[in-house]
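Whenever a hint applies, use it, and build me the whole structure from the sequences.
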Amino acid sequence: MQDTLFELGGRKFKSRLIVGTGKYRDFAETRAAVEESGAEIVTVAVRRVNITDRGKENLLDFIDPKRYQILPNTAGCFTAEEAIRTCRLAREVGVGELVKLEVIGDQQTLFPDVAATLEAARVLVKEGFKVMPYVTDDPVTCLRLQEIGCVAVMPLAAPIGSGLGIRNPFNLAIIIEQAKVPVIVDAGVGTASDAAEAMELGCDGVLMNTAIAGAKDPIAMARAMKLAVEAGRLAYRAGRIERKLYATASSPLTGLIG
Amino acid sequence: MPDATATSITLNGDPYPLDGDTPLNALLEQLKMRRGRVAVEINREIVPKANYDATIVRPGDQVEIINFVGGG
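First to last, the protein sequences are chains E and H. In case it helps, our numbering puts the first sequence at residues 4 to 261. In case it helps, our numbering puts the second sequence at residues 128 to 199.
Simulated from the structure, these hints should not be mistaken for lab results. A few of these clues could be false.
For lysine-lysine, the following DSS-like pairs were computed, each having C-alpha atoms within a straight-line distance of at most 25 Å [stated by the list, open to error]:
#, chain 1, residue 1, chain 2, residue 2
1, E, K69, H, K176
2, E, K17, E, K59
3, E, K69, E, K26
4, E, K17, E, K133
5, E, K59, E, K15
6, H, K176, H, K159
7, E, K59, H, K176
8, E, K133, E, K59
9, E, K59, E, K69
10, E, K133, E, K69
11, H, K176, E, K133
12, E, K129, E, K15
13, E, K219, E, K247
14, E, K15, E, K183
15, E, K69, H, K159
16, E, K129, H, K159
17, E, K219, E, K26
18, H, K159, E, K59
Bear in mind that the values here come from a model prediction, so they are computed numbers and not experimental data.
The following block contains the structure:
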């Protein structure tokens, strides 16, 4: 069953798994996990360079921007203004217009500030950014972000780094049904079955970081996630059977012995 | 506003000594920063890469240099 390519912001990708680069032991492990995941889009954070330790290695020496689509995020931003400034700086590094917009509303839950996210998205889209907003699993907000011109919507499955899996599959189903842009589940995935579930629901992709980087064996988990996203996607396209309350026999009821 | 009596800039939030007006390129070289890996703001204005040669950093300037680090 030949799948269509994953279209995002005018580019096509084979992999529907987007991976982060945070929380790894070192850049070598980051590179190995990214490679094993098969991801073609990789998120990074934007931070001040370390002035005192100038010999330090650079992430882009390990994750080659010629090979991977780099997706800078606005993690740590609590206002639209900070997020916009971060995106402008990220673009100036020279890896393209794609940005993962996240404006955090609360330190403990890391849930998005929806009003500020909408505000920042409006400005960034006007400035030519291809905006991928991290957002609450709220169908109306996802619609608004789509209307503004975001190239994807990225509802959370559960709080960032929580590993709780998909808390509200029914909201996600509504978001998917209404969306004209790709729906990418971002945040909250804990293990392979969570990623498969997102894809079975009909999501276009899954974005994760902690689930891989925080696993006992990140490289093995990266592969598990690759397979889960592929399996979930294939199951979605294959079309699952209806859920029924009672049994239906799998073996013929005729020709029984005796 | 640049301060005429200053002998340093504020670089990523900390004071950094600067001997008078310095081309941005020279400052980046001094810091061993590769232009393909960073982005620069001076007094909250982004400096496009094409202007690195022509841009002068002046004592008193607020300079931010960012790069990409691991993140989700």
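* Within 25 Å, alpha carbon to alpha carbon, are K129(E) and K15(E)? -> Since the Cα atoms of K129(E) and K15(E) sit roughly 23 Å apart, the hinted pair holds (cutoff 25 Å).
Please verify whether K219(E) and K247(E) have alpha carbons no more than 25 Å apart.
violated (38 Å)
### Agreement of K159(H) and K59(E) with the hint, judged by alpha carbon distance not exceeding 25 Å
Holds, at roughly 10 Å.
Note to self: So if I understand the rule, the pair passes when the alpha-carbon distance is 25 Å or less; does K69(E) with K159(H) pass?
What the structure shows: Distance ~22 Å between K69(E) and K159(H) Cα, so the pair holds.
**Asked** Regarding the pair K17(E) and K59(E), is the alpha-carbon distance no greater than 25 Å?
**Response** violated (33 Å)
Subject >> Given pair status - K176(H), K59(E), alpha carbons within 25 Å >> reply: holds (22 Å)
- Message: Given the hinted pair K69(E) and K26(E), is their Cα-Cα distance within 25 Å?
- Response: Given that 25 Å is the threshold and the Cα spacing comes to 23 Å, the pair holds.
* Measure nothing beyond the straight line between the CA atoms of K59(E) and K69(E); if it is 25 Å or shorter, mark the hint as holding. => With Cα atoms ~21 Å apart, K59(E) and K69(E) stay inside 25 Å; holds.
Please work out if K133(E) and K59(E) have their alpha carbons no farther apart than 25 Å.
-> With a Cα-Cα distance of about 30 Å, the restraint between K133(E) and K59(E) is violated, given a limit of 25 Å.
_K219(E) paired with K26(E) [C-alpha distance capped at 25 Å]_ = The given pair, whose Cα atoms are some 12 Å apart, holds under the 25 Å limit.
query = CA of K176(H) to CA of K133(E), is that 25 Å or under?
reply = It holds: about 21 Å lies between the C-alpha atoms, which stays within 25 Å.
Is the straight-line distance between the alpha-carbon of K69(E) and that of K176(H) 25 Å or less? Between K69(E) and K176(H) the Cα gap is close to 19 Å, so the pair holds against 25 Å.
In this structure, the hints that do not hold are numbers 2, 5, 8, 13, 16, in rising order.
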